[in-house]
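Residues per chain are reported as follows:
Protein chains: 2
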Amino acid sequence: MKKTHLLALTFVIAASALADPLPSWNDTDAKEEIIAFVDKVTTPGSPDFVPEAERVAVFDNDGTLWSEQPVYFQLLFIFDRIQQMAPEHPEWAEKEPFASVIKGDYKQALAGGHKAILSLAMAAQGNITAKEMKQATRDWIGRARHPATGRKYTEMVYQPMLELLDYLQANGFTTYIVSGGGIDFMRVFSEQVYGIPPEQVVGTSMKARYEVRDGEPVIVKEPALDFIDDKAGKPVGIYQHIGRRPIFAAGNSDGDFEMLEWTTAGDGPRFGMLVHHTDAEREWAYDRDSHVGSLNRGLSEAEQRGWLLVDMKGDWTTVYPEQTD
Amino acid sequence: MKKTHLLALTFVIAASALADPLPSWNDTDAKEEIIAFVDKVTTPGSPDFVPEAERVAVFDNDGTLWSEQPVYFQLLFIFDRIQQMAPEHPEWAEKEPFASVIKGDYKQALAGGHKAILSLAMAAQGNITAKEMKQATRDWIGRARHPATGRKYTEMVYQPMLELLDYLQANGFTTYIVSGGGIDFMRVFSEQVYGIPPEQVVGTSMKARYEVRDGEPVIVKEPALDFIDDKAGKPVGIYQHIGRRPIFAAGNSDGDFEMLEWTTAGDGPRFGMLVHHTDAEREWAYDRDSHVGSLNRGLSEAEQRGWLLVDMKGDWTTVYPEQTD
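Protein sequences, first through last, are from chains A and B.
Under my numbering, the first residue of the first sequence carries the number 533, and numbering increases by one thereafter.
Under my numbering, the first residue of the second sequence carries the number 533, and numbering increases by one thereafter.
I should point out that these hints are in silico values taken from the structure, not numbers from a laboratory.
Do not rely on the hints blindly, as some may be mistaken.
Given that identical chains are not distinguished, each listed pair holds provided it fits within a single copy or across any two copies.
[What the hints assert, rightly or not] Cross-link-like lysine to aspartate or glutamate pairs, in silico, EDC-like; alpha carbons within 16 Å at most:
| id | residue 1 | residue 2 |
| --- | --- | --- |
| 1 | 763 | 743 |
| 2 | 635 | 687 |
| 3 | 639 | 559 |
| 4 | 647 | 743 |
| 5 | 663 | 799 |
| 6 | 845 | 813 |
| 7 | 739 | 758 |
| 8 | 684 | 819 |
| 9 | 684 | 586 |
| 10 | 572 | 695 |
| 11 | 627 | 565 |
| 12 | 845 | 584 |
| 13 | 635 | 612 |
| 14 | 647 | 664 |
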């Protein structure tokens with residue numbers, strides 16, 4: 533390293549230490565609590581110091597890192613896939629919930645509840661290779677736009693949470709996505725948008741098999757659920773994939789309750805946070821009675837459990853990143 | 533950084549570049565091929581250069597990183613657990629395969645084949661918490677000795693393979709264990725012996741559930757198989773856990789065939805290697821007809837597939853590390 537480079541590096545380090553690591557967070561208690569936690573676990577000699585290998589942070593995705601209204605975005609991807617696949621499936625025209633999806637009547641399609649969603653998900657994402665699923669996700673992410681905002685889905689992420697991910701990563705944390713969403717779907721954009729590589733994504737998964745097709749080995753996604761990474765499944769997914777208890781967990785709904793409970797019940801310094809959707813103007817306002825991302829038990833127990841409740845309206849200066857097109 | 537430190541660092545880097553990274557490997561083709569591969573994927577500007585994030589190396593464990601004779605070591609752990617648990621299970625005295633294990637007649641216990649092994653494994657490792665399993669493994673690893681060598685199991689690892697792991701890690705590879713052995717069992721010593729953290733261990737796993745016991749959240753291992761990480765299961769385990777295709781795979785048996793096939797069929801530079809157990813004097817000699825770690829198809833196809841066949845007897849100067857006690 534040349535001396536000038538070394539000096540430049542020193543300067544960059546000094547400057548970044550002074551800069552606000554969370555510029556899209558207002559100067560409220562929330563920001564202060566986060567920074568105080570990161571400071572204490574990263575300060576050598578502090579009684580709360582945590583070695584880098586143990587600095588595991590887990591993040592829910594839907595409603596925590598990006599929006600989840602009017603429905604989980606992956607469902608819109610699934611609707612889109614069904615419509616694209618329809619010409620090859622003439623039998624769908626007479627069969628619910630497929631017929632309603634093809635007609636664009638999503639409300640009717642969802643009237644069948646979980647069973648209907650599952651059959652759509654398996655049809656859209658089963659019997660294809662992992663590579664085909666990756667490509668389909670990439671295509672959709674590249675062209676699809678949110679019905680209410682007109683934004684790309686990759687720009688429906690929360691700017692303050694992007695900063696939080698960066699801040700934790702810069703402080704030696706390994707950040708994982710632990711999502712109820714599908715693991716293949718999540719992996720495609722996690723690296724690009726969150727700087728989180730595929731091996732740090734835990735999600736709901738379908739069964740898969742390995743086979744050699746015309747001499748080419750492939751992973752085939754089978755049309756059957758393997759693991760549901762939601763509620764009590766989240767700590768199990770963390771145990772199976774990571775094998776360590778995190779020290780930091782962020783969620784937004786009761787689907788994240790057990791993940792926060794598991795994380796914050798460990799010894800030593802722990803941090804649990806819930807994003808509370810309080811901003812009907814810049815995003816959506818919902819909690820206990822929402823059809824997606826319902827936050828009920830978490831809202832009642834956050835205070836007694838010492839979890840930070842982030843008030844989207846009051847704690848964030850902005851919600852989404854600047855729109856690029 | 534002080535100038536003297538910088539100079540010292542430069543010196544260390546220069547010295548380590550000159551030192552032999554694989555001192556327990558003879559100067560045969562095997563060593564040369566490994567080093568040539570690592571050189572080409574790590575040399576910036578080389579047409580075969582691979583960015584660090586893509587330098588994923590996967591290693592089987594039994595027979596590849598440590599011995600597997602007379603039986604897989606985890607089976608000896610299971611026998612030990614059954615004997616320890618026996619006083620609480622008087623019904624086992626009359627019930628096979630438990631009765632034979634309690635009597636120390638392992639041959640008879642294994643006469644029941646896979647079904648017998650599975651029932652022992654589920655009894656020994658099911659209905660306990662992940663924490664209890666960790667502790668039981670740690671206790672056993674700390675005190676148990678191999679029946680033939682008298683060594684601790686952590687000293688039944690192959691010194692040349694420890695050097696290979698170090699060498700790859702020093703060259704920006706992320707090294708994973710992808711074992712047919714149990715994931716909890718593997719994770720306990722992988723970090724200590726191989727420098728591989730729990731999140732980089734893929735293994736056979738049992739179903740698990742999350743529950744809160746007297747206010748304390750726990751992960752409970754259920755007495756049921758969830759995933760078998762062997763043969764065609766290995767590429768599936770890699771896909772589920774890592775989400776990337778490795779560029780380097782090491783195994784020793786036909787249980788690793790699909791992992792090597794999947795790894796080496798990808799585009800760009802790839803490396804597959806099989807440890808061939810040829811050393812009856814220093815370890816064991818076995819291949820096609822072995823009751824554990826049978827290497828048949830792999831032995832027949834290694835050459836045509838361009839996989840390195842490591843001759844334990846000829847390619848390694850030593851097998852095990854120096855014994856500490």
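Quick rundown of the hints versus the structure:
no. : hint      : in the structure
1   : 763 / 743 : between (33 Å within a copy, 11 Å between copies)
2   : 635 / 687 : neither (28 Å within a copy, 65 Å between copies)
3   : 639 / 559 : neither (41 Å within a copy, 69 Å between copies)
4   : 647 / 743 : neither (29 Å within a copy, 26 Å between copies)
5   : 663 / 799 : between (41 Å within a copy, 14 Å between copies)
6   : 845 / 813 : within (9 Å within a copy, 72 Å between copies)
7   : 739 / 758 : both (5 Å within a copy, 11 Å between copies)
8   : 684 / 819 : neither (25 Å within a copy, 55 Å between copies)
9   : 684 / 586 : neither (35 Å within a copy, 28 Å between copies)
10  : 572 / 695 : neither (19 Å within a copy, 37 Å between copies)
11  : 627 / 565 : neither (52 Å within a copy, 58 Å between copies)
12  : 845 / 584 : neither (33 Å within a copy, 40 Å between copies)
13  : 635 / 612 : within (11 Å within a copy, 62 Å between copies)
14  : 647 / 664 : neither (25 Å within a copy, 37 Å between copies)
Hint compliance for this structure: hints 2, 3, 4, 8, 9, 10, 11, 12 and 14 are not met, and every other hint is.
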